[in-house]
Amino acid sequence: MGRDMSEPLLRMRGVSKTFPGVRALSSVDLTVRAGEIHALMGENGAGKSTLVKVLTGVYPKDDGKIYFAGETIAPASPREAESAGISTVYQEINLIPRLSVAENILLGRQPARFGFLNWKAIHRKAERALERIGLRIDVRREAAAYSVAIQQMAAIARALDVEAKLLILDEPTSSLDEREVEDLFDVMRRLRDRGLAILFITHFLDQVYEIASRVTVLRNGERVGECETANLPRLELVAKMLGKDRAELESGGELRTAGTKRAAPGVPADSEPTREAFFQVRGLGRRGGVEPFDLDMREGEIVGLAGLLGSGRTEMARLLFGVDAADTGQCLLDGKRFAPSSPRKAIDRGLAFCSEDRKTEGLVPDLSVRENLILALQASRGPLRLLPRKEQMEIAGRYIRALDIRTPSLETPIGNLSGGNQQKALLARWLAIQPRLMILDEPTRGIDVGAKAEIEKLVQSLRERGMSILFISSELEEVVRNCRRIAVLRDRKKIGELTGPDIDERKVMRMIAETNEGRDSRGGVPAVPNDPPREE
Amino acid sequence: MKFPISTRRVPLIATGLVLVALFATASVLYDGFFSLRVVVNLFSDNAFLGITAVGMTFVILSGGIDLSVGAVVAFTSIFVATLVGSHQVHPALAILLALCIGPAFGCAMGLVIHFYRLPPFLVTLAGMFLARGMGFVVNMESAGIRHPFYDRVLDFGIPVARGVPIPATALAYLLLFLAAAVLAHCTRFGRSIYAIGGNETSALLMGLPVGKTKILAYSFNGFCSALAGVVATFYMGSGNPAMGFGLELDAIASVVIGGTLLTGGSGYVAGTLIGTLIFGTIQAALVFDGRLNSWWLRIAIGALLLAFILLQRFLSSRSTDRRTALAERSRPT
Amino acid sequence: MTRKGLRFRLDGGRTIWPVLGLIALLVLNLIFSERFFHLEILDGRLYGTLVDVLNQGSKVMLLAVGMTLVIATGGVDLSVGSVMAISGAVGAVLVARREIPFPALVAGALSAAVLMGLANGVLVALAGVQPIVATLIFMVLGRGVAMLITGGQIITFEDRAFVFLANGHFLGLPLTAAIVALVFAGTALLTRRTAVGLFIEATGDNETASRLCGVNTRMVKVLVYGFSGFCAGVAGLIAASNIKAADSSRVGEMMELDAIFAVVVGGTALTGGRFTLVGSIVGALLIQVLTTTMYNLGVPPAIAPVPKAALIIVVCLLQSEQFRRHFVRRRQTARPTVPETG
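Protein sequence lines correspond, in order, to chains A, B and C. The opening residue of the first sequence carries number 1 in my numbering; numbering runs sequentially from there. The opening residue of the second sequence carries number 1 in my numbering; numbering runs sequentially from there. The opening residue of the third sequence carries number 1 in my numbering; numbering runs sequentially from there.
No lab work stands behind these hints: they were computed from the structure. It cannot be assumed that every hint is accurate.
[As the list claims (entries may be wrong)] Calculated cross-link-like contacts (lysine-lysine; reagent style BS3-like; alpha-carbon spacing at most 30 Å):
| no. | chain 1 | residue 1 | chain 2 | residue 2 |
| --- | --- | --- | --- | --- |
| 1 | A | Lys125 | B | Lys212 |
| 2 | A | Lys359 | A | Lys457 |
| 3 | B | Lys212 | A | Lys165 |
| 4 | A | Lys359 | A | Lys345 |
| 5 | A | Lys120 | B | Lys212 |
| 6 | A | Lys390 | A | Lys336 |
| 7 | A | Lys165 | A | Lys65 |
| 8 | A | Lys125 | A | Lys165 |
| 9 | A | Lys165 | A | Lys120 |
Sequences and hints are given; from them, build the entire structure.
Right under this line is the structure:
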């Protein structure tokens, strides 16, 4: 690369940021050099967005220093960051869909004479800005009329229009198709060669290797590594993202035994595949969500879903519970056809879904712990048959004791509890309807270690009592520890399953890390259940 | 993608067609409706509604709402009338003062809405009660205005054809409309309003002065309300603290019928002009007819509102469908 | 506007403030006007200013009950004034046909009102139109329809049963007070003795989460607007009975704002969620006492909006977290918020 010797353009040192109750960044370092594409990776909640928002002045930092182009900076607003030379294209492309492309590129700095906008100059400047990144379109049309890819380009053109030295691209490829991604990469390379520094946030491994020269990995608000991509095996990158360290990986055999040894104290050594699956999914899929997949669920079994962020884990859960409508495929429940078309129907059939997004899809924050606990149960009884108050107290009290939910009283608004206790209360909400199949999406995210252990213990005891559980987690270790069958997802597709003795972290990571190279890009690994990955 | 007309223009064009159709129908049905005088009267009779609607357009485009306009119009009218009538202040000075109070009032509401993050609905509701009450504090009853200055202004008129002059009130309306159109479409302030109404978070991330722009939008609306109040004194020859009840709702209706999205971010000042003219045309037709009654105006306006809101819903669901379809087309692997 | 910024969250419950306000006003009256608390019994009926307050405040109290449920779902209903006009108009037109019995008349008027309310609900819940807009449409449309029904005339009537509605007495108190009590008690039972109240609060507080729990949030919304229409219908009949006439163009004008105001003052946040029916009734009484007090103090009724505005501003500011932060140190038990990290 040869540029490595130069003084870095951006150095963030010891940057910390705490939100009420959550430490989002703890003493994170980040170094980006001029003329390089630097990838920033991490799972949901790793702190990528927070780091970017601190850098661009959306959030004030609690601690740490930012050196940029030889100076210490502390931007207080996106505008200040922009004038310092840091431009950002956010994940949710921040264009105003109903304004024209030209306006979107120049909003706030339109050429004007005596206060009146010069529309000709606006269109000319916008066209020139787009030409610079190799795009020729009618800039007079509204942004919403163009594809996401073109909107992305327009956003980049806007970002570059202010003499940017550092361009931050936050998940720019998440909704682009392959050809569009290539176009974007061409532009990125051209900009890099012109000496621009690009901070590229993504969760696609292939793309990191294709375009970035160095990568910084964040996990739980901490930096777990900064490496040259050329010297970083894919497996190790996956390991870093999923919270495993290199030492454990290198002693692969040991890890394997350790893995199996740790695999769920309650899981019997021999799996019982003979039992009939009561819930069978056949070819269920949704365009833009997850490709058609098969899945069998048996009573008294925990099935894990492993995969990186954006691999289709949550989409799969939402299809099963009827939150999103499936385009294709069907489910069989006890041999009878069942189309999950709404949460209401899914609940009536004995399904429960504990969403990963506690705040927007789980908590009803102003209502009390008691009301939150009985909400799903009451909803399934209908509006008229109100659970008697005494019974409500009794149910709530029972789960509060069983799950050790720490709350000042039954009537405390649930929003006032800590994250771990909120999570346990939401679990209790679903336990109260005594479901046959419980879908747990990231049940341990954002809660402390003690609470995590408790939730895992609870999940195991539910399995012992015959419940079927679909367990989704970005903590690979957790999935491996708790599940005797794991479905692995990559790029919105189920690529295989591991069972019983085959389960270890390294195998799962291999499957996730496998490139598409050498394979028909459309075919990939067939989504056949129990397809074991080949060992190298 | 292959939509011949930009989606944002569809409501505007629809409104224009409705106006033409209404006017044509009325012209066929009633003798003498199709005349320059009727057209000029449309502008002068609806001047103060039109002016408040223009101001309301800005607030709605920015994603807000202002319920205080009717009360501010009333306050201004009685304020000017009382200063001129009881305190012998020269009308020009009284009008100038009134035109300062209006924006200051709007600005104050904008400040409260922005800095205390309160819903515009509630804050401007308080503003409405306040302005209405203050009007009665100034003067309990309506007050007539007799002053040479008023006579001169009322005599003034630009003749467009034989015997049909454009009166000063219509002129004020047209001038304000032109100024507002330029403000909305040819200044950074105007474009920022569209951006904020379109997506406030994005506007903030783009580094636009969100707070300042919002406050200015309410201030401008305050100015328009004050101007409408002044125009009303010329139109009625008096000030009345009880006038303009429900005017804010007529103004909002004009804006919506004019094709502006009530959620903000999309619309045209010209659309609002057309919306007001639709209001006026129906009213004029009812007067010409003599048999139809005033409640048909309410019903027609309600039906038009319903139709336009449903059209907007349809268009926006269409365009989000298109966008998700685009997003879903991606990721073949 | 942030959801959090609007929560009314002061220690001691949410109804304590309007109650304190009401008491303060009453004390003010005790000091400045000896007539205010004067009650006398004539022909077994109670007369006095306090009784008048109950009687005159009945319409806003009724509207506030329905409005409370709508606001609790995160909506608002601007059409109630027009629905009052429709209900009064239907009542007056039906009463003119002498063969129609009084209960049928009431049923007819109320079903027209409920129909308008349901139309609001359908527009909001199924067509996805913002509540302000949807109910604004029916506010404009409804007024026109009401005038259409009465032919733009003020229809007067002398029907004894109908007139008795607002002018009669029950157990020495105005019948209107009994009607309010009945509607209030019915609503309280309906919401608190079934799960309806819970579903309404859950829908207003977090609609997505409620839907995922299996609550039929759309149905909840349609029904609360329908119920608000019902309450407005009852208020409309009382208003007509009060003046022995249906005045379609004026009845209920600006009353939607009073009702919203009563609900907000009573402690239910405009953003939805927790609601308190008692608070709304107290809020409505507060408005009525304020109006009566000013009347007694000789303040011209036209200026009454000014103190009302002051009250709204105070309530708004009390609800604004940004404002309170200026004056009150934030409580340490702030709820943990999960940041948008990724």
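Hints, verified against the model:
no. : hint                  : result
1   : A/Lys125 <-> B/Lys212 : holds (26 Å)
2   : A/Lys359 <-> A/Lys457 : holds (24 Å)
3   : B/Lys212 <-> A/Lys165 : holds (29 Å)
4   : A/Lys359 <-> A/Lys345 : holds (23 Å)
5   : A/Lys120 <-> B/Lys212 : holds (27 Å)
6   : A/Lys390 <-> A/Lys336 : violated (37 Å)
7   : A/Lys165 <-> A/Lys65  : holds (19 Å)
8   : A/Lys125 <-> A/Lys165 : holds (20 Å)
9   : A/Lys165 <-> A/Lys120 : holds (28 Å)
Going down the numbered hints, you'll see the structure goes against just number 6.
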